[in-house]
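> Sequences listed follow chains A, B and C, in order. Using our numbering, the letters of the first sequence correspond one by one to residues -13 to 299. Using our numbering, the letters of the second sequence correspond one by one to residues 119 to 437. Using our numbering, the letters of the third sequence correspond one by one to residues 4 to 599.
Bear in mind the hints are in silico, worked out from the structure with no lab data behind them. Incorrect hints may appear among the rest.
[Said to hold, decoys possible] Here's a subset of chain B near chain C, in silico, CB distances under 10 Å, partners left out:
hint	residue
1	Ala169
2	Trp294
3	Ile386
Quick reminder that beta carbons are idealized off the backbone N, C-alpha and C, glycines included.
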Amino acid sequence: MAGLTPESATAEAAGALGKPSASVSPWQESWRRFKRHRLAYWSLWLLGLMVIAVLLGPFVWKLGINDVDLLASLSKPSLKHPLGTDDLGRDLLARLLYGGRISLAVGLAAMLTAVLVGVFIGALAGISRGWVDAALMWLTDLFLSLPQLPVLLLLIFLFREPLKQTFGLELGIFILIVAVIGGFRWMPVARLVRAQFFSLREKEFVEAARALGASTPRQVTRHILPNSLGPVIVAATIDVAAAIIAESTLSFLGLGFPPDIPTWGRILYDGRDYLDIAMHWALFPGIAIFITVLTINFIGDGLRDALDPRRVL
Amino acid sequence: MGRFILRRLLIALPSLLGISAVLFTVLALAPGDPFEELATNPNVPPEVRMALRVQFGLDDPVWERYLRWLASMLRGDWGFSFVSRINVDELILQRLPTTIVVIGLSQVLAILVAIPVGVLAAVKPYSWFDRIASTVAFVGFSLPTFFTGVLFILLFSITLGWLPFVYRTDISSTGWQFLWDHFKQSIMPITVLGLYQAASMMRYVRSAVLDVIRLDYVTTARSKGLSERAVVLKHVVRNAMIPVVTLVALQMPTVFGGAIVTEQIFRIPGIGSLLIDAILRNDTPVIMAVTFVFSGLVILFNLVADVLYGWLDPRISYR
Amino acid sequence: MNESDLRALIEQVRHGTLPRRAFIQRLVGLGLTAPMASMLLMHEGVAQTPTPLPYKPTKRGGGGTLRLMYWQAPVHLNPHYAGGTKDQDSCRIFYEPLGGWDADGNLVPVLATEVPTRANGGLSADGRTVTWKLKRGVKWHDGRDFTADDVVFTWQYAGDPASAMLTVNVYRDIKVSKIDAHTVRVEFARPTPFWAEPFVGTWGLILPKHVFEPFSGAKSRENPANLKAVGTGPYRLLDFKPGDMLRAEANPNYHVPNQPFFDALELKGGGDATSAARSVLQTAEFDLAWNLSVEDVILRQLESAGKGKVHFYEGSDLEYVTLNPTDPWKEVEGERASAKSRHPAFSDRAVREAMSLLIDRKSIAEAIYGRGAVATANFLNNPPRFRSPNTKFEFSIEKANQILEAAGWRRGSDGIRAKGGTKLKFVFQTSVSGPRQKCQAIIKDACGKAGIDLELKSVVASVYFGGDFANPDTYQKFWADMQMYTTTMTQPDPQSFMEQFTSWELSQKENKWARRNLSRWQNADYDAAHKAAQVELDAVKRAALFIRMNDLVTGDLHVVPLFARPRPYGVNARLRPVLSAWDNTTWALGYWTREG
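Could you build all of it, start to finish, from the sequences and the hints given here?
Shown next as structure tokens:
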């Protein structure tokens, strides 16, 4: 469990003690420590590259995403179509770049929603006792019991038109989808955080902070929360992949983005029956999702190491 | 601890009721008509369809329908499926054995794979074992089951021809042949689903063990001369189990109605496919019954997890 | 093709200069159904030489197990409540009607001894009475005898509105009486040209009185026989799990000698169409798969394994697009898509012509459905060899551009054509289905090149086809500019099918959108023709009226037929099924055999 007596400084890197350090702000310090985690550092760059690619790519690679060319149907990767084409002859690179905006945005936004809501509720339940905890756990159990599909149908039925009016077609659906996917994934995070809190709040260092006069919110934010981030980070990486896939399931059911918008999950879904005929169709979106997950994970590892007050880096 | 359990059980009943009320309302408000087939059939006059709706009480106000449903549930009558015209409990019981065997085993497989692999990976972080295991895990949960399922079918059923991919509940052989036939048709769905769960669970186990393994008391145990094995098994694992227990408790209820995609792909007549069929056909009694059991399981397993926290970490106190 | 042309053709058949089969196919090309064409000949006294269905085995059984794969699983076994073809086919394994329709549309007696005609006294001169002679020695699966009482009971049961059976309209307005233990008489209220509806084909399965009578009327839903079928068919039910599978064994007392060939039957349901295709064509775990609505590219790949082939049976399924004649975005008296409103763009015939030119039927059919779709311009079906001279289809983006330009629809700065403040921006909705979405994508692409912008919308099938009047996305509401789906004729006679374009069937708020004219199209000539066809006893005049109705509908270009959808079945290479698109898949199950 996190947060027991810290590793003594003498157990590692004794040499670091000798160096005098200029005074730096905590953020600069965290950034420096983050950079030392090589994988995390390079993953940050890779993710950034992907974001730039999907934002600017469609301006550079001019093939249309909806250009049907039945003669080029299911063609393998070539110079004209670097990632091949699907069964209607549409260029996969263009579709991946365009759909990447949505997939990455949905993946990251839904993950953030799930994590923020989950951490908030889990922390609140974990630090309070008695009826607040019971009420919040009842709420969590309720959300866990809800069958997703009827709830989705209901929400979309109720909110699609108003959101479309206010925010326009794409943004409106985006908000709805992020709310829906994030709304169904916060519960495990909440329970995990709550469990961490249960064990952490009994620890000596929290007791010590309390004895020193720290108010409960300060105990939570400065002491307990940073130490309970382990499972949260794992959940975040899993949620990104799950969100991208969930969006494709929604779209397959006609509830998400219109069927001609090529999100990565959708392309993966469309290509699944053609694995023995045209493997490239499903392979590339799969790789794209995989790389996203990989980068988020390493960034998360780096973040944890950077923010961990016990590690000497 | 006994008082704690008793108190939680007493709270569980009203919370189950509350959840069922919310579920029922959501289902009643959700769009969709159980008699949609009739609507498209030119032979059926609208009066017949309206008569059926009245017969099944579909046009009554929501709270009235909920109370009626509650009353019959308490009497043991779980309802009558609009679509199949059979009692709901019969329908569920028909599918229960298959669900428990296939989906249940996949959960067990997931746990059996995830825990050892996660622990080993954490004991030697960033070693080649850890990197390979983590990468496989990432691939595992980046690829949805609708994809890996098809991949497995293509490989094992079609290319190699080793395994059948349509699940049959009516295998007529007996004895060892029966077990072998069952094994052949179940191993693919169990593996597909189990590995998908194992992928994410392994990452959680690894993270939890990593948190624990750097702590002082582990170093103390090592310096006392205990073998690495004893250190890991007796000191590390037990303390790292709290997040894992939370996760397993969250996963268990999905046996009953969660493995929808896998059941569809392999045509396993489990409760998951019953649920999705009922949802798509707006067969409300079936949806209510299944989700009611599901929420009961959720509450039960979360209670078990809460109790286990106390056993795993004696410092966690109950009020 | 008018009435005198039809009569001339019939004379040719009578004299033997035109083969019966060619006549039927010609009429199908004009928009009629094969059973109707066959009835036409029968009515005119052109004898049908009964050709028995092929069957070689000389003893019952020995064929092993027949395995059927239905990717939509049957959920119950009451034949008169069965809405979907999957349930109907499953019921047909156990129950039988008095007669069925073969692949050419000929009426084939099953529980009757012969087809009633004027010559043998089965049909009355005034067209109001049919007398059926029942087969003797037929037993129900539980051993009791099949008699005329069962036929009379079936009429009472299905025709009773309290039972809420789907076949109620077929049996409500007739009177069935028992002449003796093996003869029944059916009386119609009015002269009925198409008399072969009650007790024939899909809606005509006979129920055992001793099993169903205790559960008549409102108690029908509790009948255990809804799941435990007791019929006269070639197989007896062993086990049925709704939504999953059914198992049956050969009926040792079946009334056709040496049948059935197989000893046992299994029907498994669930999953999706592609894996169903694989289970027959690649792994041969199953002998036949129903309704493989899968892209042809995939099907051809699967067939290359050599274990099976996909067979296409031409029927009456038609995929078509409707251009809304009403305005779905404006409320008239509180109602959207009201019959009182007119669509701002589609009321201009030029726009409709352009839309029809922008749908590349041929390429869509070939690219997506392959052999599973046959491009057509007729609303009633159309085999490729014969084309109606009145209707044709064409694909040309340039022509569409010209027509729009000439009609005053000029391109704006965003590339979308507009005229007088109305832009050519449409919402195009259909149900969720891989091939349909691809079809939408292709149409959108072509329209884009002509300055028309389409917003694609896909709705979950159970909501789209559901009758929920609170939901805005149903196809009955048609609150979109264009919609697309497949319509099927549930009966071989087109009268009720064509009623969906009459003005009295308009689907509106006042009737809770429960009527059948979803496309909101209406036309006075069409109404008159339909009313005339309802009472026209002369079969030839009637056929001519239907042809005219077809031309009226398609000529106005609001209803744009895309392609006929023959039914695709995946069949194991060694299986010899006997299939028909005019009846259930399992209509002649006893005749199925396997080679080798």
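> Could you run down the list of hints and mark each one as holding or not?
Hint check results:
{"no.": "1", "hint": "Ala169", "result": "holds, 6 Å"}
{"no.": "2", "hint": "Trp294", "result": "violated, 22 Å"}
{"no.": "3", "hint": "Ile386", "result": "holds, 8 Å"}
When the structure is compared with the earlier hints, a violation turns up for hint 2 alone.
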